[in-house]
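Protein sequences, first through last, are from chains A and B. According to the numbering used here, the first sequence is numbered sequentially starting from 1260. According to the numbering used here, the second sequence is numbered sequentially starting from -3.
Bear in mind the hints are in silico, worked out from the structure with no lab data behind them. Hints should not be assumed to be uniformly reliable.
[Stated by the list, open to error] With a Cα cut of at most 27 angstroms, we get these calculated DSSO-like pairs of lysine-lysine:
#, chain 1, residue 1, chain 2, residue 2
1, B, K218, B, K232
2, A, K1297, B, K232
3, B, K385, A, K1378
4, A, K1334, B, K153
5, A, K1378, A, K1297
6, A, K1280, B, K417
7, A, K1262, B, K67
8, B, K367, A, K1261
9, B, K232, B, K365
10, B, K153, A, K1262
11, A, K1361, A, K1334
12, A, K1262, B, K385
13, B, K395, A, K1261
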Amino acid sequence: MKKEMTCIVCPIGCQMTIEEKADGTYEVTGNTCKRGPKYAINEMTNPTRVIPTTVVIKNAMLPRLPVKTAEPIPKGQIFDAMAVINQVVVEAPIKTGDVVIKDLLGLGIDVVATRTMDKC
Amino acid sequence: MIYDVVILGGGPAGLAAAVEAKNGGAENVLILERDRELGGILNQCIHNGFGLHTFNEELTGPEYAERYIQKVKDLNIPYMLDTMVLDMHDNGDLKAIHVINEENGYMIIEAKAVILTMGCRERTSGAIGIPGYRPSGVFTAGTAQRFINMEGFMPGKEVVILGSGDIGLIMARRMTLEGAHVQAVCELMPYSNGLVRNIVQCLDDYDIPLKLSHTITFIHGKDRLEGVTVAKVDEKLKVIPGTEEYIPCDTLLLSVGLIPENEITRNAGVVMDNRTNGAIVGELRQTSMPGVFACGNVVHVHDLVDFVSEEAVLAGKGAAKFIKGELDNEITFTTTNGDGIGYVVPQQVAMKNVEDKVTFYMRVRQVFKDKVVNAYIGDQLIATKKEKKLLPAEMVNFKIAKDILAQYPAGEIRFVVEEAK
């Protein structure tokens, strides 16, 4: 089976073609870096996405702290992840990279802060 | 105190330019920022995808900003927040910058060199003149982005987005993740104005329809938005009668273009380019006013922050050279946009300032497949860039080595889209 896809690893957006061989391996063409084939094969077998969102923060300059999943999570679990992330309330100070949720949905992936917010 | 370099704006362009100016030998550098913090628009761009070119890793906007803010702090570069620049003019050797803030009131800051990094702002519903009422619930996509990501307000539940610029696409996903229902993204043109990857990961992932060649012909609702009328347009972008469709919604987001914010630049008398709506600049982003440099979205709207940082390095370098008296003013080449190309930046090149190459940024006017961009001086083809696909949404980044340019004494470099040979 042959499939055309646009790589979304970086903003260049290479047009790639992925073909499943008879032996179950994949051949990827059209990529311009080594991240492309990895993305294409994942997209065929287990598509995943990083989820950037926010959580409530108290005692900071702003009421929301941006966070992301430290690794991509399975596409099918995005809304389950959002339901968990939206329950979280943290307190300033927070530093970039601080773990906000450990082991999200048992995936072994943390949710981490993506900016530093001082107490105020 | 007289500063060596004053930078008007503490967003991604201003931060990178400040770092480079300081590293290049400017001792007293000052950043002026009107917001309450540094980082500019990156602070509300919480999505990932930044920094792949600059840092070789995928960062979110706030993370990318923090890297540069840290560099500014490490270099002890001072900055003034909540500070609005009102005016800037040339007083011969020095530039006078008229500034106001709560703490000091009105003041005039003097500088040997100025770097303009004011960025751009969004076009609004007024700018595109949609007929109908003016109820609440109509936002620019960037305003909605700030409300959700920084202030913690949800603008609405049933959403239509007009314009498929990147912020519109990003907001379609963002609102969906936060529980809203995005009914459609309507785009006037027959192609999207956003990056392909954003169509894939923001619309396709969530089954949000992208209606190309569609526009909004009426806004319904007196106090709060109740719905919009959407219609198809023909090749001349005129509404096709009978294709109107009513979509009930409480929120309309506009992602209909960005305008470089150049009031200060125009008032100062800097020569502008009506193709980019930014200043005419040279290879080190020098403007027509000696000692005044410009970089980032105030020069031309970029699609990637990485290229803004790249351009800011040039301006920072230029400003440092200028105060040391090392900047050459002799223009060797001018550039121009031929068939298929909308604009080219820089518009001028002074070869004596060039280190190893010149990167020309340009945008195509329409979608092209399997074509090349050729650069000519006179009839002579000097360089070719192959692209599988050329999209107006994706800036072409065309590097030409100094050795190639040095073969020509002077002239006009013309960029055109042509058949691949």
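So, going through the hints one by one against the coordinates:
no. : hint              : result
1   : B:K218 x B:K232   : violated (31 angstroms)
2   : A:K1297 x B:K232  : violated (42 angstroms)
3   : B:K385 x A:K1378  : violated (48 angstroms)
4   : A:K1334 x B:K153  : holds (23 angstroms)
5   : A:K1378 x A:K1297 : violated (41 angstroms)
6   : A:K1280 x B:K417  : violated (33 angstroms)
7   : A:K1262 x B:K67   : violated (44 angstroms)
8   : B:K367 x A:K1261  : holds (25 angstroms)
9   : B:K232 x B:K365   : holds (22 angstroms)
10  : B:K153 x A:K1262  : violated (35 angstroms)
11  : A:K1361 x A:K1334 : holds (19 angstroms)
12  : A:K1262 x B:K385  : holds (18 angstroms)
13  : B:K395 x A:K1261  : violated (34 angstroms)
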